[in-house]
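**Q** Sequence:
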Amino acid sequence: MSHPDPGAPAAIRPWRIGDELDNPVTGEHARILEAPWQNPSGRARAEMVARVGARVVGEHLHPGSVERFTVLEGELTVKLDGRTSRLLEGQTGEVRAGQWHDWWNSSDRDARVIVEVDPGGRFSHMLETLFGLAELGHVNEKGMPDLLQMALIGREFSDTVQFRSPPPAVQRLVFAALAPLAQALGYRATYPQLSRSLLGPDPDDLAAFAATLSGGDEAPAT
Numbered sequence: 001m002s003h004p005d006p007g008a009p010a011a012i013r014p015w016r017i018g019d020e021l022d023n024p025v026t027g028e029h030a031r032i033l034e035a036p037w038q039n040p041s042g043r044a045r046a047e048m049v050a051r052v053g054a055r056v057v058g059e060h061l062h063p064g065s066v067e068r069f070t071v072l073e074g075e076l077t078v079k080l081d082g083r084t085s086r087l088l089e090g091q092t093g094e095v096r097a098g099q100w101h102d103w104w105n106s107s108d109r110d111a112r113v114i115v116e117v118d119p120g121g122r123f124s125h126m127l128e129t130l131f132g133l134a135e136l137g138h139v140n141e142k143g144m145p146d147l148l149q150m151a152l153i154g155r156e157f158s159d160t161v162q163f164r165s166p167p168p169a170v171q172r173l174v175f176a177a178l179a180p181l182a183q184a185l186g187y188r189a190t191y192p193q194l195s196r197s198l199l200g201p202d203p204d205d206l207a208a209f210a211a212t213l214s215g216g217d218e219a220p221a222t
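Position 173 of the sequence shown, counting from 1, maps to 173 under the working numbering, and the rest follow consecutively.
Simulated from the structure, these hints should not be mistaken for laboratory data.
Since the structure is predicted, the reported quantities are computational estimates derived from the model, not experimental observations.
Accuracy of the hints is not assured; some may be wrong.
Calculated pairs, EDC-like style, for lysine to aspartate or glutamate (alpha carbon to alpha carbon, straight line, at most 20 Å) [as the list claims (entries may be wrong)]:
1) LYS79 / GLU67
2) LYS142 / ASP110
3) LYS142 / GLU59
4) LYS79 / ASP108
5) LYS79 / ASP102
6) LYS79 / GLU89
7) LYS79 / ASP110
8) LYS79 / GLU116
9) LYS142 / ASP22
10) LYS142 / ASP102
11) LYS79 / GLU59
Restraint ranges, calculated between C-beta atoms of paired labels, are given here [what the hints assert, rightly or not]:
12) SER158 / ALA211: 37 to 43 Å
13) TRP37 / PRO9: 20 to 26 Å
14) ARG86 / TRP37: 30 to 36 Å
Glycine included, every Cβ here is placed at the ideal spot set by N, Cα and C.
Throw the hints in and build the complete structure from the sequences for me.
**A** Laid out in structure tokens, this is it:
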């Protein structure tokens, strides 16, 4: 059993455009390019480096979001609805809401990829939670938290991500049964020290973005 201190001081610094997140276990590294508050649909956009051997935590779907991958350098192997293909430099792949998918970097070089999730607010909170748990050492070798932790994360973010194994119906039953025990043992679905996305826009980023709009220009590309 392993979890962060649920009583630790809360994060006080919002995410800023250009900030970076890292998952040392799955091999993902992301730099924030666009936040959900910057566009009407709530899209989140980041530049991800998938290091050699990088792999997302497991086959999954997003019930209410569309996810797009545009490869800038290198390649990704993508499994979409059971079919596996390579996404090469310059190509874009789209994952519709409800589609089972998985991806990994099986090449001999890092891949640099633009990732868009639309809408991405809840996704961002889920991602910072999983990446934070990995950085603090509370995941296994595949980047997955233990079952008690997943019982709470799975219920909290069921609108955002669902993993394929075990079958979702089984997960719901198991998570419901384990949730009270997990809570009693100090686990939480999210942790205040890992929840910077809930703090809202950074004032400097917000002011800079407002200035681009008042000047009649589009926000600069990043």
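**Q** Tell me, in ascending order, the numbers of any earlier hints that this structure violates.
**A** The structure conflicts with no hint, since it agrees with every one listed earlier.
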